[in-house]
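Q: Chains as they are written, first to last, in the numbering used here: chain Z, 1 to 363; chain G, 1001 to 1319; chain Y, 2001 to 2302.
Take the hints with a grain of salt, since some may be wrong.
Pair ranges (Cβ atoms, derived) [unchecked claim]: (1) Y:2059 <-> Z:14: 30 to 40 Å; (2) Y:2267 <-> G:1128: 50 to 60 Å; (3) Y:2223 <-> Z:121: 53 to 63 Å; (4) Y:2037 <-> G:1128: 21 to 31 Å.
Which residues of chain G face chain Y? A partial, calculated answer using Cβ under 8 Å [unchecked claim]: (5) 1079; (6) 1080; (7) 1120; (8) 1145; (9) 1151; (10) 1155; (11) 1161; (12) 1166; (13) 1246; (14) 1261; (15) 1263; (16) 1270; (17) 1272; (18) 1287.
Please keep in mind that the hints were generated in silico from the structure rather than gathered at the bench.
Just so we're clear, the structure is a prediction, and the values are computed from it rather than from any experiment.
Backbone N, C-alpha and C fix where the C-beta goes; we use that ideal spot for every residue, glycine too.
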Amino acid sequence: MENVSVSVKDLSLSFGAVTVLDTLNLDIKDGEFLVLLGSSGCGKSTLLNCIAGLLDVSDGQIFIKNKNVTWEEPKDRGIGMVFQSYALYPQMSVEKNLSFGLQVAKVEKTEIDRRISRAAEILQIQPLLKRKPAELSGGQRQRVAIGRALVRDVDVFLFDEPLSNLDAKLRSELRVEIKRLHQSLKNTMIYVTHDQIEALTLADRIAVMKSGVIQQLADPMTIYNAPENLFVAGFIGSPSMNFFRGELQLRDGRAFVHANGVDFDVSAYPSRGPFKAGQKVVLGVRPEHVRVDEASSGEPSHQAVVDIEEPMGADNLLWLKLAGQSMSVRIAGQRRYKPRTAVTLSFDMAVASLFDAGNENRL
Amino acid sequence: MPEIVAFNTIDAGIEPEAEKVQARATQAGPRGKKPRRALSGRNIMIYGTLIVMALYYLLPLYVMVMTSLKGMPEIRLGNIFAPPLEITFEPWVKAWSSACTGLNCDGLSRGFWNSVRITVPSTIVSIAIASINGYALANWRFKGADLFFTILIVGAFIPYQVMIYPIVIVLRELGVYGSLTGLIIVHTIFGMPILTLLFRNYFAGLPEELFKAARVDGAGFWTIYFRIMLPMSMPIFVVAMILQVTGIWNDFLFGVVFTRPEYYPMTVQLNNIVNSVQGVKEYNVNMAATILTGAVPLFVYFVSGRLFVRGIAAGAVKG
Amino acid sequence: MAGHTRGSGRPNQWLRNLNAKFASVPMILTAVVIFLGGTIWTVVYSFTNSKLLPRLSFVGLDQYERLWAAPRWLMSVQNLVIYGFFSLVFSLVIGFVLAALMDQKIRFENTFRTIMLYPFALSFIVTGLVWQWLLNPEFGIQSVVRSLGWTSFAFDPLYNSNIVIYGILIAALWQGTGLVMCLMLAGLRGIDEDIWKATRVDGIPMWKTYLLVIIPMMRGVFITTLVIIASGIVKVYDLVVAQTSGGPGIASEVPAKYVYDYMFQAQNLGQGFAASTMMLVTVAIIIVPWAYLEFGGGRKRA
């Protein structure tokens, strides 16, 4: 394989009887921005720490730039790392924080200065160089922390939830900056987060993790539009995808999902294989893939009742009851509905998802 | 008593009813600041108790100082609480330079310098070793480390008497029994559980990511200790120092057991002077000697203030 | 998982983390050789008839039989029980009451705390000698009270075999209650302010709040303090040496002094080892249930 920057092969990690990562494989291309996404305890940070060499693996191998670094010290792996709590050395000035690693590595003084001034310029922290971390704001601290990775002049950047300690506004600002940084540096970046917006906006590819296993590894749009299994479908998107559990029925050359006494026509669904009648399935439809009161004549439609309305400005979220089941629909912000209004729904099945109810995989 | 005492929000529950009534009578309904009297029964009770207790704690110090400033004839006549009619510093001079211990008559000065020679190296060595132990335990855990640490902490509760004799044997084998080196080793050993716990907890409380960042920066065991951990941990080193200086200075048992008479620390010499059965009892000299012996820890206590409290609280919460 | 090739030169497991292991050598030696080894050694030799030098000639429980037949040991144990009981009760009560008073947002809190805690900075030797002087019947408190006109007043605990242990208790409380107060105060300060607000809204009187709400919440602090006081009680030695040297007669002997005297004065090591083993057992009786409550069977606590 060419252009592979970081490669994880059959990686396993267990603490005593607890297995955190199990035979995990992952290849990250040169210059790629890969996001490890999952809820807490899914093993994403553990995986990142293994790549960094901060945790010893139980089994398997890790390659960085085609070099087996499984047993290498973190400093010898050619990585820089940015932590959630910034982890700036409190007693050192910003400049000292940036130069510490280079001094330990006995880099020449002029070279240290050159790299620091470059990093300071890129991150616009020149005025802060003489300050102590305690004198910096959260956003400035995180910039310095990124700078510390930058001066190491490495190929791979590791980010461990770098924005989680910041408030919402700063978070979105720094998110843009990190993206800009990646576009100009073109380094490989591995980024751990539990925030799906960060994942969707930053990533070239997202690896969605659960219980130490990668559930799906794909570009953000694929993850969003064609989730590989029920977990990924439910995890990504807010509000969550609407699910209807039912049974596949074939009638008159058309395919239906029969759920709660309602027949959803899924003939338009781009199935990977032929439909099997009687199969237990879960139909998943994102809130924005349902149209309200816009059904053209002849199109299959369903009657529902508005339960609650959540206006959010740009769009409007309707919580509906469809055959006794609660579901959400996203409509344009200016369209308002009163509770208990009856509405007609039509589903865009071409972009829906269909999963096997047994193994929960995409059909 | 000052006009208005800073009050807790919690105390209104037992406030006398009369005050509220009074407030209503003088104004058209309560308005503005709730009136409080400084000399409420409650305050008299609180401050009264505290002052009586404070006197109990202060009395011995007062008596010590007064006695040490009197001549023997005045002591025989007067009462111990009376201030001296004629102040003399002779007992202090004698206590320092010529009081007799039964073995020799060169006063406490010898014990003082012995104690200095014991306390300084013992404090440095015990803190150096324990801080590195604590650092290794907090950040560089290896297999079995926790087992040894558990034994160490449990050991803190074992009465010294159980371990004294085996230590005598070990020190004798090493050829340092009776010497200052031997006593320094003993202080290092018995200071280790609590100090290691203190440092381990402190280092474990520092953000782990800092340690990770240093490792990514390529720093190793000693570099991280000296360049990252040490500069961040000055408060805990001061606490440990307070703990050790007072503890070692005040030690009596180890001084008696593990040193020869020429190396006896101040506490042992003091006891020998005061409780020596020979000669006439010179209470003023005894009290001067007692104050002199207590002076160093008292000095540490008054200078360090809050840190001392933190130190003993940390030292107390062992196990 | 088999079959994938590995780079050569996996570092030897023993050599990994070598610096940390090297740095821990003093701790490992102390824990294993001194604490574990020393304790086992003493217990083993307590079953021998060692006199001047330790000898491995076992005599079964002889030393223990002799120990429990010795009047001096029995007196030591009796003293320890009395001293221990009152020391625990008074330390906790005085310490808690003082802490509760200090927690009333009083003025001069720092001054009061400084005064109450300074004796703790002093050694037991200094403490013992001061109180020896204060309790001196010829010149001390007794003579002062008598000189005020109450000529039959008697307060000479250090010279009265029946109450000498209480004389030591007074000195010990003077030295140690400040610490207990500090621990209790820290515990009180650790209690959520909202608890106080809630009891105030509910109209619960303050003493009831302390008794029914605060003290149960401070269970951990109480237990820790109890363990600290208790393990200090068992070790009490310097104080007795300084204040009474065990006298009058053997009236104020304590176990720790018994051990020292038999090991280093009477040159009867076997007795010393047996007595120190009994001290170990005493501490174990205190510590084991506590450790079990704190770390072992703690599942019942929510």
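Q: Tell me the numbers of any earlier hints that the structure contravenes, in ascending order.
A: Hints 1, 2, 7, 14, 15 and 17 not satisfied by this model.
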